[in-house]
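**Q** In order, the protein sequence lines correspond to chains A and B.
So the working numbering is basically just the index in the first sequence, starting at one, shifted up by 3.
So the working numbering is basically just the index in the second sequence, starting at one, shifted up by 434.
Just so you know, not all the hints are guaranteed correct.
[Stated by the list, open to error] Here are the simulated DSS-like cross-link-like pairs (lysine-lysine), alpha carbons at most 30 Å apart as the crow flies:
no., chain 1, residue 1, chain 2, residue 2
1, B, Lys585, B, Lys561
2, B, Lys500, A, Lys66
3, B, Lys521, A, Lys89
4, B, Lys506, A, Lys89
5, A, Lys89, A, Lys107
6, A, Lys5, B, Lys506
7, B, Lys543, B, Lys561
8, B, Lys521, A, Lys5
9, B, Lys592, B, Lys480
10, B, Lys638, B, Lys592
11, A, Lys66, B, Lys592
12, A, Lys115, B, Lys521
13, B, Lys506, A, Lys66
14, B, Lys585, B, Lys638
Since the hints were derived computationally from the structure, they do not count as laboratory data.
All values reported here derive from a predicted model rather than from experimental measurement.
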Amino acid sequence: MKIAVTSTGKTIESAMDPRFGRAPYILIVDDNCNLIEAIDNSANVNAFRGAGIQAAKAIADRKVDMLLTGRCGPNAFTTLEAAGVKVGIEQSGTVREAVERVKKNEVSIADKPNAEAHW
Amino acid sequence: MIIAVASGKGGTGKTTVATSLALVLGNRAQILDCDVEEPNCHILLKPTILTTDTVNLPVPSVDLEKCSLCGKCGEVCQFSAIVLIGKTILTFPELCHGCGSCSILCPEKAIREIPRNIGVIETGFVKDLDFVQGRIRIGEAMSPPLIREVKTKINRDKIAILDSPPGASCPVITTVKNTDFVIMVTEPTPFGLNDLEIAVEAIKGLRIPMGIVINRSDIGDSSARDFCNNNGLPLLMEIPHHRKVAEGYAQGAPLIESMPGYGHKFKKLSDDIQMIISESYEGASI
Chain A
4 MKIAVTSTGK
14 TIESAMDPRF
24 GRAPYILIVD
34 DNCNLIEAID
44 NSANVNAFRG
54 AGIQAAKAIA
64 DRKVDMLLTG
74 RCGPNAFTTL
84 EAAGVKVGIE
94 QSGTVREAVE
104 RVKKNEVSIA
114 DKPNAEAHW
Chain B
435 MIIAVASGKG
445 GTGKTTVATS
455 LALVLGNRAQ
465 ILDCDVEEPN
475 CHILLKPTIL
485 TTDTVNLPVP
495 SVDLEKCSLC
505 GKCGEVCQFS
515 AIVLIGKTIL
525 TFPELCHGCG
535 SCSILCPEKA
545 IREIPRNIGV
555 IETGFVKDLD
565 FVQGRIRIGE
575 AMSPPLIREV
585 KTKINRDKIA
595 ILDSPPGASC
605 PVITTVKNTD
615 FVIMVTEPTP
625 FGLNDLEIAV
635 EAIKGLRIPM
645 GIVINRSDIG
655 DSSARDFCNN
665 NGLPLLMEIP
675 HHRKVAEGYA
685 QGAPLIESMP
695 GYGHKFKKLS
705 DDIQMIISES
715 YEGASI
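The following block holds chain A by itself, in its conformation from the complex:
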């Protein structure tokens, strides 16, 4: 299984970033916590609008199965849903800790966005 995690840094020991579209990095890992890719999301950090959609497309294009993040807005959620990516929300701590919670089945999967659209 491929898992995407919103992160403040490039390694799996980095602290997660609770924001989805505007996190500086999105790490792609396997279920054994091996880093596959660190996506540099800096272009989206200052995007006027549409950051969540672009981040969701980056994840969808990499055929990720699950996303771990803090908050996910409506446009990002719609995009992830269309791509069949499960959205694990309200995650915090390090990237490694979040991925380990998936193995223990402790991550709640969102059935709707948990953040407001912002302008």
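Once you've looked at the hints, dock chain B against the given chain A.
**A** Showing chain B alone in chain A's frame:
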């Protein structure tokens, strides 16, 4: 001739200046309220509205049977309003600016444009003055497309006075772009100065001549006047903080009606601006 009335800070007196300037020019002028999110020239002018037209933005609708999933539409869109996800195309109409690039570039002609309502334009008159205003649809977040539509109503045979939204972002730039002169209305306070500096900086980039009107000119400090001197900006007019101005405003009366003598002041303002514009064109031709 097109004159925009802008400000950095809100509530400095843009509408007060725009409406009185338009009223003294009368049948030579046309007023267009470009502050489409909260148009308020009508409160002071009480126009008779003759026409109300719906304004739509063309947004993409994708025929997935024709679509080859090439993704060109999403690559060209600067606003993430259309995106290829797996085997489908998602559209986000509220993000679309209506540029049409996606439908033009689609090799399969799978994208057609459908209208999305963004607001209305109303036209009418106040005595012999032409009146135009845009009103954005409630819930709509994007005003520049509607402002551009309002500006298509500019009558080149008249002096068009554009009442701009406050600030220094896209709606303001959309309003002042391609005008001949910008009147910056400010107040002599640290807040007024801070926002004036930002707005002047933004408009300098468009190379449009500017002048300053200081409202409530006898309060606050000298910073707005100093700013004019230090930046070579003409100080066009000062409006003192007078009880009669406030009383007239509170009753919805234009400044030139509530304050005797202001008719002449606004005529002079118009003459001074026309002189600056003609000088700037002469300068440009040398």
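**Q** Now, for every hint given, state plainly whether the structure supports it.
**A** Hints and how they fare:
no. : hint                : result
1   : B:Lys585 / B:Lys561 : holds (22 Å)
2   : B:Lys500 / A:Lys66  : holds (24 Å)
3   : B:Lys521 / A:Lys89  : holds (17 Å)
4   : B:Lys506 / A:Lys89  : holds (26 Å)
5   : A:Lys89 / A:Lys107  : holds (16 Å)
6   : A:Lys5 / B:Lys506   : holds (27 Å)
7   : B:Lys543 / B:Lys561 : violated (50 Å)
8   : B:Lys521 / A:Lys5   : holds (19 Å)
9   : B:Lys592 / B:Lys480 : holds (21 Å)
10  : B:Lys638 / B:Lys592 : holds (25 Å)
11  : A:Lys66 / B:Lys592  : violated (59 Å)
12  : A:Lys115 / B:Lys521 : holds (22 Å)
13  : B:Lys506 / A:Lys66  : holds (20 Å)
14  : B:Lys585 / B:Lys638 : holds (21 Å)
Taken one by one, the earlier hints fail for this structure at numbers 7, 11, listed in ascending order.
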